[in-house]
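From just these sequences and the hints, can you work out the full model?
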Amino acid sequence: MGTVFVMNKRRVVITGLGMATSLGLEVGENWRKALAGVSGIGRLTYAQAGKSAVQAVGQVKEADRKRIQDAFPEEAANEGESRTLFALWAANEALKDAGLVNTESRVKSQELRVGTEYLNFKLPNSELRTPNSKLSFSRCGVVLAAGLGIDRIEDIQRWTGRDGKFDYQRFGMEYREVHRESLVRNNSNRPSALIAEKFGLNGLNGAITTACASASQAIGTAFRAIRRGDADMMVAGGADSMINPVGLVFFVLLGAANTSTDNPEEVCRPFDRKRGGLVMGEGAGIVVLEEESHALKRGANIYAEVAGYGTTMDAYQVTAPDPKGEGAEKSMRSALLDANIPPEEIDYINAHGTGTKLNDAAETLAIKSVFKEHARKLCVNSSKSVIGHLIAASGGPEFVFTALSVNRDEIHPTLNLKTPDPKCDLDYVPDVKRARTVRAAISNSFGFGGQNASLVVKKYR
Amino acid sequence: MQSEFMKDKVVITGYGLVSSLGPNASDTWDALLSGRHGVRPIENFDARGFACKAAAQTEGIDIAGLGIHPRDARIMDKHSHMLLKAAQDAFKEAGADLNPALAGDGVLSADKIGFFAGMGMVDYNIGDLMSATVESLNAEGNLDYDAFYSGAYQDIYPLWPLSMLNNISFCQVAINLGIKGENTVFSPHADSGACAIIEGFNAVREGRAQAALAGGVSEKVSPLSLQRASWFEILNNEDMLCRPFGSERAGTVLGEGCGMIVLESLSSAKRRQVPYFAAVTGYACAYGKRADFNCPTSGAVSQAMEQALGKAGLKPSDIDLVIAHGDGTHAGDKNEMEAIHNSFSDCAERLIVYSSKGALGHMLAGSPAVDVILGIYMLRDGIIPAVCGALPPDKDVRFNVAGTGPVKKDLKRVLINATSYEGQCASMVIEKVD
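Residue numbers (the working numbering), protein chains in the order written: chain H, 35 to 495; chain G, 13 to 446.
Here are a few chain G residues that face chain H, going by a calculated C-beta distance under 8 angstroms:
id : residue
1  : A122
2  : G153
3  : P173
4  : H201
5  : W243
6  : A298
Okay, the calculated beta carbon distance ranges per label pair:
id : chain 1 : residue 1 : chain 2 : residue 2 : range
7  : G       : R83       : H       : L330      : 49 to 59 angstroms
8  : G       : E147      : H       : N335      : 52 to 62 angstroms
9  : H       : L330      : G       : D20       : 29 to 39 angstroms
10 : G       : A76       : H       : D443      : 50 to 60 angstroms
11 : H       : L330      : G       : N137      : 50 to 60 angstroms
12 : G       : G72       : H       : R214      : 34 to 44 angstroms
13 : H       : N335      : G       : A76       : 53 to 63 angstroms
14 : G       : K104      : H       : K452      : 49 to 59 angstroms
15 : G       : N249      : H       : E188      : 21 to 31 angstroms
16 : G       : K327      : H       : G62       : 47 to 57 angstroms
17 : H       : P107      : G       : R362      : 47 to 57 angstroms
18 : H       : G263      : G       : K327      : 18 to 28 angstroms
In case anyone wonders, no lab produced these hints; they're calculated from the structure. Glycine residues also receive a C-beta, built at the ideal position from the N, C-alpha and C atoms.
What follows is the structure, given as structure tokens:
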């Protein structure tokens with residue numbers, strides 16, 4: 035035991051990036067703004083939420099929502115949830131970026147359904163077509179993060195009588211009338227299925243539900259599937275939104291929400307001594323992962339290589355992270371071992387960095403335990419200071435930023451880090467972007483309950 | 013017949029099962045052999061308004077004996093209890109207890125034990141939000157969100173949000189058993205339970221875990237789960253019985269239950285001197301959704317089965333038994349029949365097909381691991397229980413559906429199918445180990 039036995043040496047590369055965040059709908063726009071220190075966080079505009087204790091959020095702009103709806107009119111009409119549309123947008127962007135779908139003309143929804151014709155790539159030697167399978171892309175799949183299963187209380191009010199009692203019998207007869215956007219109408223595997231359907235991806239398809247670790251675990255699961263030979267191309271990442279009535283009180287109840295009334299742009303302060311809890315964001319971050327030779331044969335642009343993945347559990351308390359950060363430490367160690375990279379080659383860590391007292395101190399401690407003196411030489415930042423915490427999807431856009439840093443040797447700043455905390459004493463790239471060679475980087479995600487995930491991205495050579 | 017794919021076999025060294033026919037594996041097995049099913053009228057809430065008022069629900073789990081921390085009890089619902097019970101049984105059976113005195117020479121490190129589960133949707137209990145909702149109503153009985161945000165929400169128990177994350181029960185089990193290794197949670201349908209076993213299998217095979225606890229748990233049958241299933245038009249609203257591959261099938265019925273298995277390498281099991289029950293030798297996943305019904309295409313089901321066989325290095329004729337997804341829906345079963353006919357073309361006539369859903373209901377993410385465990389019993393005893401409700405079988409069925417009573421047959425290799433209502437499919441092969 036001890037060492038990780040990798041069955042074969044297949045390498046996995048990143049060939050497509052897609053995003054939808056409060057900064058915008060294009061990856062380039064997200065990257066430019068993040069580097070320039072532009073915050074996507076602003077004052078809550080969600081309907082009827084004027085009295086919400088949470089007022090600072092990273093919402094996808096109204097005009098951008100409209101753009102997504104216009105791009106996918108059929109889904110906008112049929113799918114109740116905004117996260118499903120975010121997922122669709124980001125997956126489409128990532129596939130376009132990877133050169134796997136046509137970009138010349140806007141293809142109508144009806145034509146999009148003919149996935150195999152729409153996808154303009156050929157899969158040399160990758161087709162395990164079985165005698166009775168008519169499916170074309172059995173070695174291409176989708177793994178996405180999925181979030182919470184409740185978003186509003188209209189469904190309770192709808193069947194609650196004047197006596198304050200829920201009418202179960204009437205609910206049973208009228209269940210079809212649940213709120214259009216109610217999550218009880220939707221399965222967590224709906225977005226991954228929809229993307230597979232639209233683009234004709236007939237391989238592994240799944241939804242990961244490990245709270246804030248979901249998207250990183252989805253990418254890790256997809257990476258492993260390609261590396262071990264179960265797939266050649268995977269669409270992976272996550273989409274989520276908890277900017278809804280239940281979501282707005284969710285972290286307030288848990289005491290983790292940022293309820294500051296200061297300028298919204300300035301309240302998310304990861305690693306700052308005055309950090310006051312997490313700020314929610316919404317949107318999606320989805321990538322295309324491909325087996326190296328598959329990408330090379332079709333001449334794809336390769337951003338970086340996914341070198342390793344590790345995941346651990348705190349087994350500490352479901353109500354709080356382990357303050358010593360042992361699970362986080364082992365998660366990074368395990369990913370480094372999986373990647374077969376010495377800690378000294380890591381130049382950058384995209385931290386989980388939620389801006390809560392406990393997380394940021396424990397994560398800093400974990401980084402110092404793994405990297406020893408090298409911890410002082412590497413850069414750490416928090417994308418959540420820019421776009422907020424995308425909850426189940428958070429690992430998605432953070433992985434996109436990580437890949438871009440490895441590809442372009444630039445690291446976006448951590449915003450609002452003004453007052454140093456003696457417990458958080460690393461180089462968090464405050465305020466101003468950093469230009470430096472990034473040979474390899476880690477993206478961390480730690481979920482409520484104590485599930486930790488780390489992904490290692492390195493320069494493709 | 014051993015494929016290159018398997019260097020060191022991955023075997024099953026422990027299992028735990030909770031179902032409507034009993035809070036453990038042996039009770040469930042005995043009840044299945046005696047031809048019983050677990051479908052009863054729903055009593056935990058007023059289901060009279062729903063067209064389908066019955067489900068195969070679990071009872072009799074000794075919650076006090078689960079060792080739940082009082083701090084966590086309030087955020088643990090029935091799905092947590094089922095998961096914890098099955099996981100504890102599986103761990104005990106495998107001797108994988110972290111207590112060094114129990115584990116003997118082969119002490120397993122907490123960091124080298126993996127944990128993977130398929131879990132259903134987590135539905136809120138209406139009662140947990142009732143007070144906050146009522147406090148938010150204005151004089152006309154409409155929701156006043158100002159009232160909700162400015163105070164009514166505080167009627168919600170502060171840790172209630174945790175109970176809404178389906179990984180929380182998973183983490184509670186990890187704490188209870190001291191598991192700290194590789195992990196993930198898939199959701200919500202049957203394919204997710206199979207994906208969890210596949211991830212556990214690979215974690216062991218690739219040496220990332222010395223042992224892995226893997227399986228899945230159903231949703232609790234609740235107004236919301238019944239609502240969602242009704243929405244998907246999969247339930248038998250007529251007489252509320254599930255009849256896999258039967259000519260009179262009219263839909264599925266919800267089931268509660270959980271199956272968890274312990275996977276480890278054959279060499280590790282031998283080193284620890286623990287018994288092993290079967291080997292997992294092949295798997296595959298596929299996607300393809302029928303446009304006209306909430307189920308996969310027969311092509312996707314075939315693809316998963318054929319690639320799983322290919323991975324195991326087997327021909328269709330090497331399979332003695334298929335434990336089908338067989339959920340008793342008209343279209344779903346028809347598709348699966350077609351897929352089995354196609355993939356087992358020349359040997360379909362001698363193939364036996366079983367489905368546990370007639371007796372145990374549709375346990376969604378819980379079904380595949382339960383089927384693996386039932387497969388272990390079938391391999392061990394050489395008996396296949398009758399499929400509840402399968403008689404008379406669909407007139408187009410070419411394979412053998414055991415319907416009259418248990419069939420005696422020496423079995424070596426079993427193929428297990430799991431599919432979702434969104435089009436995901438997974439298949440696994442388990443084999444007897446000499």
